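Trainee: Sequence:
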Amino acid sequence: MAVAEMLKVELIAPARLKSPLLKKFQQAALIQIEESARELPHEEMSINEIDKLHTLEERLHQAIAYLKVWSGQSSFKKLLTPRPTLNKNEIETLRHDSTWLKILQTFEALKRKRDEISARIRQLEREKALLQPLASLALPLDRVEKFKETDFICFSLGTLPLASLEALEEHLRHEPFWAGEVALMAKRIVMGVIYLKEKEYDVREVLERLGWEPYSLSEFVVSFLKKGETAAQVMERLDQERENLARAGAEIDQEIKNLTGHLEQLMKAADIITNELRRQEAFQRLGRTQKTIYLKGWVLAENKEKLISLLQPYQQKIYLNLSQPSPEETPPIALDNPPLFRPFELITRLYGLPQPRSLDPTVYLSPFFFVFVGLAVSEAGYGLIVSLASLAALYFLKSKGGLRTFLKLLVYLGGANILFGSLVGGWFGYPWRKVLLLDPLRDPLSFLLLALVLGFLQVWFGTLLNLLQEIKKKNYSRAIFVDGGWLLLLPSLIGAGLTGHRLGWLLAGLGALGIIFFSSPARNPVARFFGGLYNLYDISRYLADVLSYSRLLALGLATSVIAMVVNTLARTAWGIPWLGWLIAGFIFIGGHLFNLGISFLGGFVHSMRLQFVEFFSKFFRAGGRPFQPLALEGKYIEFE
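Under the numbering used here, the very last position in the sequence shown is 640; numbers go up by exactly one each time.
If you are wondering where the hints come from, they were derived from the structure by calculation, not from laboratory data. Since the model is a prediction, treat every value here as computed from it, not as a measurement. Heads up, some of the hints might be wrong.
Stated by the list, open to error - As a list, the in silico DSS-like pairs of lysine-lysine whose alpha-carbon atoms are at most 25 Å apart: (1) Lys472 - Lys52; (2) Lys52 - Lys23; (3) Lys618 - Lys472.
Unchecked claim - Using C-beta positions, here's what the derived DEER-type ranges look like: (4) Lys474 - Val435: 43 to 53 Å; (5) Leu593 - Pro444: 22 to 32 Å; (6) Arg95 - Arg237: 47 to 57 Å; (7) Arg16 - Lys68: 32 to 42 Å.
For glycine and all other residues, C-beta sits at the position ideal for the given N, C-alpha and C.
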């Protein structure tokens, strides 16, 4: 199929209709609003409202994320629980209902208190850890602070490396100071040192040389301790306060947990605020004067009548113009494919949307991708598991958007493996001989030939698509002689090589002449000839592209071999007495699940690579921007 046709929308309306029009557009999800010309006169708009909405949106998201953790709902149950729904008529009612705002403010107040308590507890734990080395010190801590220095003596508390003890004892024999052990740590010792004030410089020089680190009480402990308290007593009071704070924190936790009953209300409010923010952002893209607004955007051509009908109540008050885009304009891209092929749009989107007025590759890649994944995995049992699991997920999860598209694609790919696994593979490592057409383990060359033939067909088909695009652009000479030359040259060479028939060589020569004389843009005949001759060397690239499809053989063989190894190990374990059946079951189930995972991942990625590198390089040009109409966005809820 093709890229969906777009129409350019231009609308002029009274400024007072700004809000009702934007709300209608958002609910209908028809128009992508573009930035209007900057030179259009407009009134300056304060962004305070948008900033407020951004802030409110972020506050709601943070509250919801926090309360979800406290809801106690398992991840599996969350997946199975359908999202809350909101009727469009309820949006305005809930937006102006202040209940959710009060709930949010209550939560934030409790959260602040809880954070303060947690910070205080962490501080108490840090201070206790700092006091731990002084636990055995009988000297009150307030005296340690007050009597560090008198008129005649000085007192210093600190730590010294254990390796420096002998050196310290040697100095004690000759220097007039006293040192006493307070506590022993892992690699250091806490000590108190008393010395004459007149010898302070000499003593400090000795201590610093030995690795002395002064120990001082923190400001918190100094303000916390009471007169006459030892370190042990202070630590005991720290523990008591920590326990009181922990009890207060537990009470606040319960209050926060009680708020999880209002989680749905907050989720609805968050999505309502988000959509109000999107409308305000859309308003900023409008051209504005004091009394009018100017809207420029895009609508799908198929929705033209819907848009006209939507604006019917305002037809006497507005000007609406719908027109085809000019060649200079680049409309956004929406893919338009039959329902059968829509899951494969995921592959196209992963690579990039097509440019305007170009080809959508989805329909053309779909059969190839289906076949390639089937051959790369070639395990019918794995395909059955993937299809059933994906169908169950589609039924129970009620998912929408990208996840639903991916699950549908997995259903298809599971079906591909049921088909090709039966024909060229097996069921959990056991081939079904009655329907087996080709056994890659016994006849790998035939499987390789099949992969190369499919690769040649896709590469040749990609070149054909490019020829059709060149004709559409009216580049007839390039389409006929260059793309047509490759289309003629490639199969003719193969046919001539296999049969030796002269007609094959003749047709190959005609194709080569077209490439030589028409592929180079040079005007000089000599430069044109040699440029074309150089372009003919691209035949090596075509050969490399076709050979790249041999990966399908490697992937298919790997899946089959690993499945057989798992079965062999399970049969071996079955013979173990008593627990053999249990070990065999674990090996069989675990081994095949592991093989399923890596096989499907490898098959998906490598088949996708064949599309991106070998197929798309022949005709596809990405670079389109997606069509994103102003619409109701539901992160937490579904809008009915």
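Trainee: Confirm or reject each hint.
Mentor: Hints, verified against the model:
{"no.": "1", "hint": "Lys472 - Lys52", "result": "violated (51 Å)"}
{"no.": "2", "hint": "Lys52 - Lys23", "result": "holds (19 Å)"}
{"no.": "3", "hint": "Lys618 - Lys472", "result": "holds (16 Å)"}
{"no.": "4", "hint": "Lys474 - Val435: 43 to 53 Å", "result": "holds (50 Å)"}
{"no.": "5", "hint": "Leu593 - Pro444: 22 to 32 Å", "result": "holds (26 Å)"}
{"no.": "6", "hint": "Arg95 - Arg237: 47 to 57 Å", "result": "holds (51 Å)"}
{"no.": "7", "hint": "Arg16 - Lys68: 32 to 42 Å", "result": "holds (41 Å)"}
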